[in-house]
Amino acid sequence: MSMNVTLSREDVVRLCERVEGAQTRAYAIPKLTNEYPNMTIGDGYAVQLELRQRFLAAGHKQTGWKAGLTSKAKMLQMGVNVPSIGFLTDRMARPENSAITVSDLVHPRVECEVAFVMKKTLKGPNCTRQAVLDATDYVLPAVEIIDSRFSGFKFDLESVVADNGSSARYVGGGRARYPADIDLRTLGVVMEKNGEIVTMGASAAVLGHPADAVAMLVNILGELGEELPAGSFVMSGGITEAVAVKPGDSIVARFQELGSVSMRFVE
Amino acid sequence: MDQQKIKQYGDELYAAWLACKPVRPLLEREPEISIEDAYKIQEQFVARRVAAGEQIIGKKIGATSKPVQDFLGVYQPDFGMLLSGMVYQEGDTIDLGTLIQPKAEAELAFVLKEDLKGPGITAMDVIRATDYVLPCFEIVDSRITDWQIKIQDTVADNASCGVYVLGKTKGDPRKLDITLAGMVLEKNGELFSTGVGAAVQGSPANAVAWLANTLGELGIPFKAGEVILSGSQSALVPVVDGDELVCTVGGLGSCRVKFFGRSAA
Chain A
1 MSMNVTLSRE
11 DVVRLCERVE
21 GAQTRAYAIP
31 KLTNEYPNMT
41 IGDGYAVQLE
51 LRQRFLAAGH
61 KQTGWKAGLT
71 SKAKMLQMGV
81 NVPSIGFLTD
91 RMARPENSAI
101 TVSDLVHPRV
111 ECEVAFVMKK
121 TLKGPNCTRQ
131 AVLDATDYVL
141 PAVEIIDSRF
151 SGFKFDLESV
161 VADNGSSARY
171 VGGGRARYPA
181 DIDLRTLGVV
191 MEKNGEIVTM
201 GASAAVLGHP
211 ADAVAMLVNI
221 LGELGEELPA
231 GSFVMSGGIT
241 EAVAVKPGDS
251 IVARFQELGS
261 VSMRFVE
Chain B
1001 MDQQKIKQYG
1011 DELYAAWLAC
1021 KPVRPLLERE
1031 PEISIEDAYK
1041 IQEQFVARRV
1051 AAGEQIIGKK
1061 IGATSKPVQD
1071 FLGVYQPDFG
1081 MLLSGMVYQE
1091 GDTIDLGTLI
1101 QPKAEAELAF
1111 VLKEDLKGPG
1121 ITAMDVIRAT
1131 DYVLPCFEIV
1141 DSRITDWQIK
1151 IQDTVADNAS
1161 CGVYVLGKTK
1171 GDPRKLDITL
1181 AGMVLEKNGE
1191 LFSTGVGAAV
1201 QGSPANAVAW
1211 LANTLGELGI
1221 PFKAGEVILS
1231 GSQSALVPVV
1241 DGDELVCTVG
1251 GLGSCRVKFF
1261 GRSAA
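Each protein sequence line maps, in turn, to chains A and B. Quick note on our numbering: the first sequence kicks off at 1 and runs consecutively. Quick note on our numbering: the second sequence kicks off at 1001 and runs consecutively.
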C-alpha cells in the first residue's frame, strides 16, 4: 500500500471540507474519485488527517481508532489486502442503552465488534497479535454505527479512507475482560434488531483474530508516522455484516463471555 | 400413501445408499407425498440398515437454520436416525468413496444422561438431561440426484444424513454458554466461515427440545446415552480428496477430520 500523497495542499483542504460538510450536515456526496480518479490511499489519509486536525482544533477529543474492511469478503470486494483505519472522538461516543439520534446521519448501519482498551503505547511496523494482547488493558463488546457519506453506497478505498472509514457513532459496554481470560478468536456474537436475530458470527471473522486487526491498525499508523497511545479505545472491525437502522429500531448485540450492548434509535 | 409404495421408496433409498447411486427426487414422481409419508419411508430405509446389522445410536436434527428453512420452504426442523455405521472418530480420515455428494456441517452434539420423553419438554429439561456436549462434524449426503431435494425428499432420505465425527472435548452445558458459543470453521488451514449456537433455532437446546416433543408425539423413544446432532452452525462445506476441516466451539474445543478418495457423484 502506498502512502504517497499526490494531491496538492489545496485539493486536500477542498476534499476535507467536502467530507466535513457531508458528515456534519448529514448529506450524501459522490465518491471523491469521480473528480480525482488518480487519488491514492495516501491522499485519502491526508484528507482524513486534515479532518482530524479540524475536529481537534474545534475542541473534539480523540478517544482512539477503528479498523474497517477487516473481513476477507469485504477486502476481496474492495480489491485490497489491508484494512482501512479511521479515528474516533468523544463526539461519536454514545452510552449503552441510550436513544441515538439518526436524523444527523445519512444512512446508518450497525455492526458488532470486539473493542480493546490499551494500557501501553504501540508503534509499528512489525506489531504482532502478541504485542497487542500484551499492551491491552481490557477488551469489551461494542457496536459501531457506520455511515458512509457516499451516495448509494458507491465508494472505493480512497474515498472511504478520506471519509474517516465511515465512522459515525459507537457504543461500548457489556462486560470488560482481560484478554488472557478468554479465547478472543472464537467468541460467538448475535445481533438482534427489535427482538429478532438479524446477523451472527464468531470473532475469527475479523482477519482470523481481532488482535491481528489491531496489529495491522498499529502498522498502518506506523506508515503514517503515528503510534497508538496508551489509553486508546480501539474497535477491531465488524464481526457481523452491517445492518441498516431507522428511528424506532432497537438493537441488542450479545457476545459470548462479554455480555451485551444495547441501544435504540430515534428521529 | 399406501404401505406398498412406502416400502418401495424406502427400499429404493436403501439400495441407492448401498450402491452409492443417487435416485430421482421422490416428490417429482409422487407429488402427493406428505411429510408423514416421508417419515414412514425413512423408517423403512432405516429398518433395512438395521436388518443388515446396524443399530440406532442417536438422532440428527436438520433444517434448523433460517437459510435452509427458506430454501426448503418449511418453518420447522426435521430429524433422521444416527446408525452405528456412520460413526468416525476425531482425527479419522473419511473415505469419500463411501459417499455420493458429501458436504460437511459444523455442529454441537449432545449426549443425554436421562431419557427425554415429550410432549412438554422445554430447553431447560434438555440442559437438565444432558450429560455433555461435544464439537462435531456431520457429513451430510443425499441419495437424491444433485441434492434436488424438497422437504419430503430429505426426510425420506433419513434427513440427508451421511456420517459424523465427534470431537473429544466434553463440555457441561451448565458451564458453557451454548447459545452464544462461537463456531469457527477452517478448511485446509484457512478460515471458511463463522457461526454461533443461536443459529440453530435460537439455541441448540431449543432444537433438542423440539426433537424430544416431536419424537414423543410419534412414540419414538429418546434414551439416555443417545447422541444428538443439534443442527448446523456453519455454512455447508463441499469436501474433496485431501481436504482437512477443523471446527472450534468457543469455550469448548475442536473437532478435526480429513477426507480422501473420490465421492460417487
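Just so you know, the hints here were simulated from the structure itself, not pulled from any lab data. Wrong hints could be hidden among the right ones.
Derived, one-sided and incomplete: chain B residues facing chain A with beta-carbon distance under 7 Å [stated by the list, open to error]:
1) GLY1189
2) LEU1191
3) GLY1242
4) VAL1246
Taking lysine-lysine pairs in the DSS-like style, the calculated list, with each CA pair at most 27 Å apart, reads [to be verified]:
5) LYS74(A) to LYS1066(B)
6) LYS1103(B) to LYS74(A)
7) LYS1258(B) to LYS72(A)
8) LYS72(A) to LYS154(A)
9) LYS1066(B) to LYS246(A)
10) LYS1187(B) to LYS1103(B)
11) LYS1007(B) to LYS72(A)
12) LYS1066(B) to LYS72(A)
13) LYS72(A) to LYS1187(B)
14) LYS1170(B) to LYS1150(B)
15) LYS193(A) to LYS1066(B)
16) LYS74(A) to LYS1040(B)
17) LYS1103(B) to LYS1040(B)
18) LYS72(A) to LYS193(A)
Please read all numbers here as calculations on a predicted model, not as lab measurements. Ideal Cβ placement from N, Cα and C applies to all residues, glycine included.
Each hint tested on the structure:
1. At its closest, the beta carbon of GLY1189(B) sits 10 Å from a beta carbon of chain A; the interface hint therefore is violated under the 7 Å criterion.
2. Annotation: interface hint on LEU1191(B) holds; nearest CB of chain A at approximately 6 Å, less than 7 Å.
3. Contact between GLY1242(B) and chain A, as hinted, is not supported at the beta carbon level, the nearest pair being about 22 Å apart and thus beyond 7 Å.
4. The restraint placing VAL1246(B) at the interface with chain A is violated, with a minimum CB-CB distance near 11 Å, outside the 7 Å limit.
5. At roughly 23 Å between alpha-carbon atoms, LYS74(A) and LYS1066(B) fall within 27 Å of each other, so this suggested pair holds.
6. At roughly 25 Å between alpha-carbon atoms, LYS1103(B) and LYS74(A) fall within 27 Å of each other, so this suggested pair holds.
7. A threshold of 27 Å between alpha carbons decides the hint, and for LYS1258(B) with LYS72(A) the separation of about 24 Å falls inside it, so the pair holds.
8. Our distance criterion of 27 Å between C-alpha atoms is met by LYS72(A) and LYS154(A), whose separation comes to about 19 Å.
9. Pair hint LYS1066(B) plus LYS246(A) holds up; C-alpha atoms about 24 Å apart against a cutoff of 27 Å.
10. Between LYS1187(B) and LYS1103(B) the alpha-carbon distance is near 12 Å, which keeps this suggested pair within the 27 Å criterion.
11. For the hint linking LYS1007(B) to LYS72(A), the alpha-carbon distance of about 49 Å lies beyond 27 Å, and the restraint is violated.
12. The straight-line distance between the Cα atoms of LYS1066(B) and LYS72(A) is roughly 23 Å, inside the 27 Å bound, and the hint therefore holds.
13. Of the supplied pair hints, the one linking LYS72(A) and LYS1187(B) holds, its CA atoms being roughly 14 Å apart against a limit of 27 Å.
14. Between LYS1170(B) and LYS1150(B) the alpha-carbon distance is near 35 Å, which puts this suggested pair outside the 27 Å criterion.
15. A C-alpha spacing of about 16 Å is found between LYS193(A) and LYS1066(B), which places the hinted pair at or below 27 Å, so the restraint holds.
16. Restraint check for LYS74(A) and LYS1040(B): not satisfied, since their Cα atoms lie roughly 46 Å apart, outside the 27 Å limit.
17. For the suggested pair LYS1103(B) and LYS1040(B), the alpha carbons sit about 25 Å apart, so the restraint of at most 27 Å is met.
18. The straight-line distance between the Cα atoms of LYS72(A) and LYS193(A) is roughly 25 Å, inside the 27 Å bound, and the hint therefore holds.
Consistency note: the structure conflicts with the earlier hints numbered 1, 3, 4, 11, 14 and 16.
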